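Enquirer: The lines below spell out each chain.
There are 2 protein chains.
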Amino acid sequence: MKPVLTILLFACVLFCKTAFSQTSFKVIPLGVKGGIDESNLSAYMIATTGSNDYVCLDAGTLHYGIEKAIQAKLLHGTAEEVLKKNIKGYLISHAHLDHLAGMIINSPDDSSKNIYGLDYCLDVLKDKYFSWKSWANFADEGEKPALGKYHYTVLTPGIEMPLQNTDMQVTAFSLSHGNPYQSTAFLVRHNEAYALYLGDTGADSVEHSDKMHQLWQYVAPLLKAKKLKALFIEVSFANEQPDKQLFGHLTPRWLMSSLENLASLSGKEALNNFPVVITHIKPGGNREQVIRTQLKAYNPLHVKLIIPEQGKLLTF
Amino acid sequence: MKPVLTILLFACVLFCKTAFSQTSFKVIPLGVKGGIDESNLSAYMIATTGSNDYVCLDAGTLHYGIEKAIQAKLLHGTAEEVLKKNIKGYLISHAHLDHLAGMIINSPDDSSKNIYGLDYCLDVLKDKYFSWKSWANFADEGEKPALGKYHYTVLTPGIEMPLQNTDMQVTAFSLSHGNPYQSTAFLVRHNEAYALYLGDTGADSVEHSDKMHQLWQYVAPLLKAKKLKALFIEVSFANEQPDKQLFGHLTPRWLMSSLENLASLSGKEALNNFPVVITHIKPGGNREQVIRTQLKAYNPLHVKLIIPEQGKLLTF
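Residue numbers (the working numbering), protein chains in the order written: chain A, 88 to 403; chain B, 88 to 403.
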């Protein structure tokens, strides 16, 4: 083939690839709720577009969510195969049961992989869950005998680490979740694209903390440069919940207030139509509907609000 | 009314009551599986016929099972109302997560009630679950502050205790579940009728234990006298599972062998057509079907084998 033709063909392939794969990440919510319903607790499989090598951001519900995703043809094979082959690791934001019960319950069927987290979170996994008293110790540290299926990978705040057997990296940041109890934000990177997942957290002013502000300082330049593709953040309670009874959680009002803090660093324009995925809504009475209404009613930065559903694909 | 008529009417009412309420207990399975599926883990609501004051035998899955039972019109109101009003207490056989995750996850929505168990089980609840690190301490002992919604009621093996706010009593017995790890059998009584629920356990000869034999010695006279109405017992694995990999569980063959030990104390006739509810079958591949087939294929005592289903009423 003549060189000119080759170059033209190459340029065409490059154009098509760019035109038809605008997204960087795909996310399969395995569970989205902030409690009560054991079949639908916080867990989000994330991979890069075109890959089937996922990690799981929190792991409240696995099996039931995987079954739903298989029914929706987002995943293929049996639930056990997906668990073993497609989930390459777990990123656990904090050690409350609704964020990791699925991982514990499914561990006998699982394959060898890493559990990523900040030290205080992994310490609770060692001491309280994989302790032989609550569950067999499938990990590689803690109460003996350690069966060694899971390897604890301690993350250091602000230091990026590779997510093994995937094409992604992660940087962790500490969050306040009912001060002094801590939670974690995970900034997942693929090349120049980022997705940010926050575990349960309250607003800085309620928590008497500056941890969310510190996180915003880190990610504001990425948001401004359009490298940050999506933000996953919790809204557990409606605006009517008194601050003293938030237990380290956000309301629609506190979410918007926190995002305004981010906007003060990134510029408001950067948040216009920016995808904000609302996680961890606590079921109970008509709270889910009230929160949806309150979020829509007051969205001064015009972020793109997304309420995820179990087994329904998200792309960014 | 003349005395003779009054007596006749009374006799008639008594006859009708006896004729139309032969059963003593009703059981609503909220979850029946031995792992993996977070929406269907061991939990059995039991009450006396005609009462809506239940206790829950283990509490692996609550909310999702209650929803199923409401759909089946076995329970009425919302799941939260059922949780708060109809479940008067929890009897936890042992502290493995698949037997109590539902209770922990649902605790923020629950009402004040008792958690019954042997001391080693309640100690794990205190130390590992309601510890503030894994979950807020909703109980009345352990890590401070103790929120006090649940009251730990320590049972002593062989000593009967009332099940508060119900018309039932319970006697607990220690079981071996991967010796030296212990589990519990609960013998529930209403007047002269009994139901026996065994938590996870292995056969005595595999466990190098005599705990099941001791339990059979206690209940054999009740079985013989037809006061024992049903037995709930686990079969986790198929016969092909090597004894060394049973991890404190039963197979169809080990179940029948254990029942033959019971028959040696009660007489074989007492087990003929006696209801044996098979709990805790571990999902995976075609194991569930294999276990059903193996149970039917070798049932030398002709017990009435019952495979329970989530949200499907059982009466005894």
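Rather than coming from a laboratory, the hints here were simulated on the basis of the structure.
Note that the structure is a prediction, hence the values are computed from the model and not measured.
Do not rely on the hints blindly, as some may be mistaken.
The list cannot tell twin chains apart, which means a pair is met if one copy fits it or any two copies do.
Stated by the list, open to error - Mimicking SDA-like on lysine to any residue, the simulated pairs with C-alpha atoms at most 20 Å apart in a straight line are:
1. Lys160 with Pro249
2. Lys313 with Leu392
3. Lys311 with His277
4. Lys399 with Thr110
5. Lys331 with Ala223
6. Lys231 with Asp214
7. Lys391 with Glu230
8. Lys331 with Leu234
9. Lys316 with Ala280
Enquirer: Give the relationship of lysine 311 and histidine 277 under a CA distance limit of 20 Å: within one copy only, between copies only, both, or neither.
Expert: Classified as within; 17 Å inside a copy, 69 Å across copies.
Enquirer: Indicate which option fits the pair lysine 160, proline 249 if close means a Cα-Cα distance not exceeding 20 Å: within, between, both or neither.
Expert: neither (29 Å within a copy, 51 Å between copies)
Enquirer: Give the relationship of lysine 391 and glutamate 230 under a CA distance limit of 20 Å: within one copy only, between copies only, both, or neither.
Expert: Classified as neither; 46 Å inside a copy, 42 Å across copies.
Enquirer: For lysine 316 and alanine 280, with the copy left unspecified, which applies at a CA distance of at most 20 Å: within, between, both, or neither?
Expert: within (7 Å within a copy, 63 Å between copies)
Enquirer: State whether the alpha carbon distance between lysine 331 and alanine 223 is at most 20 Å within one copy, between copies, both, or neither.
Expert: between (37 Å within a copy, 16 Å between copies)
Enquirer: When no copy is specified for lysine 399 and threonine 110, does a C-alpha distance of 20 Å or less occur within a copy, between copies, both, or neither?
Expert: Answer is within; shortest intra-copy Cα gap is 16 Å, inter-copy 46 Å.
Enquirer: Within a copy, between copies, both or neither: which one fits lysine 231 and aspartate 214 at a CA-CA cutoff of 20 Å?
Expert: both (12 Å within a copy, 18 Å between copies)
Enquirer: Within, between, both or neither: how does the pair lysine 331, leucine 234 come out at a Cα-Cα threshold of 20 Å?
Expert: Result: close only across copies, 16 Å inter versus 42 Å intra.
Enquirer: Regarding lysine 313 and leucine 392, is the shortest C-alpha distance of 20 Å or less found within a copy, between copies, in both, or in neither?
Expert: within (17 Å within a copy, 62 Å between copies)
Checked against the numbered hints above, the structure breaks hints 1 and 7 and satisfies the rest.
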